[in-house]
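Spelled out, the chains give:
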Amino acid sequence: MIVNSFITELALNTGLSNLNYLYPLFLLGIVAFVILAIGIRIENPRLFASITAGALAIVFFWLYFLPGNPNLVMSGTTIYNRYGTYFAMIMILASLLVVFPAARRLSKKADIFYAILLFVNIGIIIASFSYNILVMFVSFEAVSIGTYIMAAFGKEKRHLEASLKYFFTSTIATAFTAFGASFFYISTGTFDLTAGLKVSSFQSMDIALLFLAVGFGFKMAIFPMHQWAIDTYDGAENSIAAYLSTGSKILAFVVILKIFLVGFSGDFEVVFYLFTILAIASMTYGNIAALSQDNLKRILAYSSVAQVGYLILVLAQVSYVGNTSSHAVTLAVATGMYYSVVYIFMKGGAFLTMNIVKKDKVEISDVTGLFRKSPAVAVSFSILLLALAGIPVTGGFFAKYNLFLALITGQLWWLAVIAILNSAISVFYYFRVILYMFKDPVGETDFNLSTSVRIPVIATAFITVGLGVAFQMVYLLMSVAPGLFG
Amino acid sequence: MFIWAWLIFIFPLIGFVLSWSIGRYRKMLGGVIASFMVGLSLLASYETFLYVNSLGHPLYQSYQWFYNIKIGVYVDHITLIMVLMVSLVSTIIHLFTMYYMKGDPGRHVFFAETSLFTAGMLGLVVSSNLVVFFLFWELVGLCSYLLIGFWFFKPNATAAAKKAFIVTRVGDLLFLIGMAVIYNALVGYPGLGGNSPLSIPFLINNASSIASYMGATNLGIAAVLLLGGAAGKSSQFPLHVWIPDAMEGPTPVSALIHAATMVTAGVYLVARTYNIFFYSAPFAMYSVAIIGAFTALFAGTLGIVVNDLKRILAYSTISQLGYMMAAIGLAPVIGAAGISFGMFHLVIHAMFKALLFLTAGAILISLMDLRDVRQMGGLWRKMPVTITLFLIGSIALAAIPPTSGFYSKDTIISASWLYFSHYGSFQAFLPWLFLSLGALLTVLYTFRMFFLVAVGKPRSHLAEHAKEAPIIALIPLFILAFFSLFGGYLFQVPFYNYLATGVTLPSIPAYIEDIPLIYVAIGFLVALYLYGTSRWKSIDLSRNFFYNLLKWKYYMDVLYTRIIAERIILPVSAAFSTVENSYNSGVDRTGSGALSFGTLLRRMQDGVVENYFIVLIIGISIVFLLVELFKVVI
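In order, the protein sequences belong to chains G and P.
When we follow the numbering used here, the leftmost residue of the first sequence carries the number 2, and every step to the right adds one.
When we follow the numbering used here, the leftmost residue of the second sequence carries the number -15, and every step to the right adds one.
Don't take each hint at face value.
Unchecked claim - Straight line, CA to CA, 20 angstroms or less: simulated EDC-like cross-link-like pairs of lysine to aspartate or glutamate:
1. P:Lys615 - G:Asp207
2. G:Lys158 - P:Asp356
3. G:Lys362 - P:Asp590
4. G:Lys362 - G:Glu270
5. P:Lys615 - G:Glu270
6. P:Lys535 - P:Asp356
Just so you know, the hints here were simulated from the structure itself, not pulled from any lab data.
Hey, can you work out the whole structure from these sequences and the hints?
See below:
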């Protein structure tokens, strides 16, 4: 009783109305500290993994059951609506996906890893709801710093190298973001994205736009800010690479959507040119560079650069159409939402599949004969790769199909044609991997086919197909999508 | 939601999965499971029958599938008759097959495939949308292909499977084009009102307004295209060439697919979309009548010279399918009674033809798959029960009164005389001429077959040592024999009135009505004179022009393979492949170019972080300059 009234009073005094929206965050933070406290005595990665998964699952459902009508929290810097809830939930799914696979390779200090994963999720939830550049910047940094540490986990030097490269480049990105944010403030006089100020005449707004694009584009690994990602995904532990390429990448996508489609709504012309060029460059670069790769993890890394190119086509389409309440825009945003969830499972699953190879440097020839050893894993991995290539029945197909449909609805025929040509190119390297899997092995091949490795692969493949079967989800998301614009 | 209507085709689908997966380990269980599941769908059909009868109007349930295509069931009286017939015949044949296939190492696959076929056939019958209909239509085509080629080690069987697949594919293409024509014409139709343009209930309930919207001629063209699909499946002239070859498959397959069920899908398609034919230009209905009638005669002429037991039955199937088709085509004069006549003959034919095929299967088992009727003979004494059942099937096929074949077939012939007397023109005379002459031929080839098989002395070593099939395997056949004998007498009039209201039997002058009967008598006596004794051995027709024409099947196989396939399609496809090859090498060069470009891009990724910043700064500057440039220029 006393505590309750105290909190209410605190809320009134600090502008924290609607505090119940923050309880899930408190829960995550408390559990993180509890894990740290237990970790002093006990070193049992599976225990921490279970606690973390439990907390994340609770928060997942808690977020779902929070009132969905738009609510301003923390003096209006954060808007809780269904749109933000959707993204927060799918990013929690991305964390849940790696919680158990990561436990395999963490012998020491697992408590720190899981506590950091929970702290990262706090940042993710705030960032996915916030509409204020400053809040976004801070929560985004919380996520970044957490992921630097996560990337360094592992037994070998190459993990450290991966983490360092990530750290160095990301600090530069942070500087760009800070610069961009201040230019935004100079031009508009506010950090609030929903202020809706049309100040396109200011030249400094263009600079703000460019700098913010560089800063957040780094995290999303858009060409030409992608080079850290190739080395980091290749160097980091498989499950952490899976997390970096799904969770933190989708977060960057969420933030970019908000900043450029809400904050720069007066500058759609520049946003359109910028993201069209970036999308075409990313798709083409990612696909072509992956063609001649022999390192399997690098192929997946390049393919994730290409996938980002498809994702940011949403921005190109919305800024081209302009009218944010039109059907074409709603379809495009809903497709972006659907693409994100499919992407999390297909890409996360593909990276987790790398665990079957007992080496750190995974060559494409290392999967030769997988079909003979374990048909289920080989077929599941094939499904994930087919989804990435966009072959029907999988969720990847319907994600791409709706994306191209949205582009055509928005009269961007030529952009759709470029994207389709790019998908055609990408089929080559995905099928190359599949071909190797179904070949007969030359010598003795040795795969790690323990249950903890097999289950995530098969489960993600199932979910990817399930999302394809449930492709009508896009039409449901169309009622949520307008939430992007506040 | 009425779940039984969906279970009709879901049960055999489950049976497919179960009998495949369990049958791998327990071979015998495969057949039991498949038969049980098909039996359950007979139960589901019966439940649906009771429910729809109590409902008083057709049952229609559908769900949005994608865009404007709905997936659903539409069950009216024609559908009920079909599902009952298909599931009953399929159950009986499954039971018999457990005996027939008992030693085969791959029998679980066989039962899985027949189960899948039954699911496809029942799904086709109940589906409410032409798109779904077409999907099931292709599924049964696939199963037909798989089952004809089930004994894949026989080169004849694989060739026959291929032929069946390719020939029916011609029909499928026509069907698909017909659907496309209808869809394209109706997609902007104001009276659509939330329906799918290819929804069957929508098409048949609004056919007259659709005809005035599309124009009767356009609708007629679409209808004739649908008829093309039906002709492919029901093997009507000129797409009839595949069924005789399909006899290379196991005999239960011939009974199930190529006699009783799948081949009637074409007739069912025409019966179901009957209103489209009815309201479109007259040529659509007339083509149904004339193709059916001509096929009835044409296939009969071929049937009298074939020596392979199963192929004789195959030609008779084609001929009888022609009768059904022709009955529906008579609708401009007799109205919806045409459907009643056609569907009744369909059901009766399914019964006696399944009986004939299954007894033929029992004969072939004891004769070690010797199929030449000239080497049989005297089997009546060796296997009395089987041959008696075979006789019952034969007299029903020959339409000897009072078997059910007489009731179902002579009504059609009489109705075709009404058709002539209504129009009085030469074209209107043709159906009656063809159909009644067909009756003569039917009797001829039926009794030629029967006498050669059953009477006289055994003419080969195998025939001397033929043995009766175990009586337990023949039990299911008694049900079929019962319907073949008494089905017509018991059910004719109630059946007609169940499908269409106020159907009266065609009343025509008695001397016309007796002509088919006279034909039957003549045919029987001729067959008895020639084949009831051994006189046929002394006839040498090998230099007779007509005999050779028939023996070569009017040279139609030669036309299709030698002329059309080898002279026309192969050169054209060779020309295409030349173009394609140059295109392919172009693609190859582009690919290798992209690969070397990819290697170049990879060099940028050298692992040195400082260089990454250089790439970043140069890259983003170029991007920014481009953006500013576009802003100014565009």
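Against the structure, the hints come out as follows:
Under the criterion of a C-alpha separation no larger than 20 angstroms, the hint pairing P:Lys615 with G:Asp207 is consistent with the structure, at around 11 angstroms. Among the hinted pairs, G:Lys158 with P:Asp356 is inconsistent with the structure: their alpha-carbon atoms are about 81 angstroms apart, more than 20 angstroms. Distance check on the hinted pair: G:Lys362 and P:Asp590 sit about 16 angstroms apart at the alpha-carbon level, within 20 angstroms; holds. The suggested pairing of G:Lys362 with G:Glu270 is violated, with an alpha-carbon distance near 44 angstroms, which exceeds 20 angstroms.
About 8 angstroms separates the Cα atoms of P:Lys615 and G:Glu270, which keeps this hinted pair within 20 angstroms; it holds. A hinted pair counts as satisfied when its Cα atoms are at most 20 angstroms apart, and P:Lys535 with P:Asp356 qualifies at roughly 15 angstroms.
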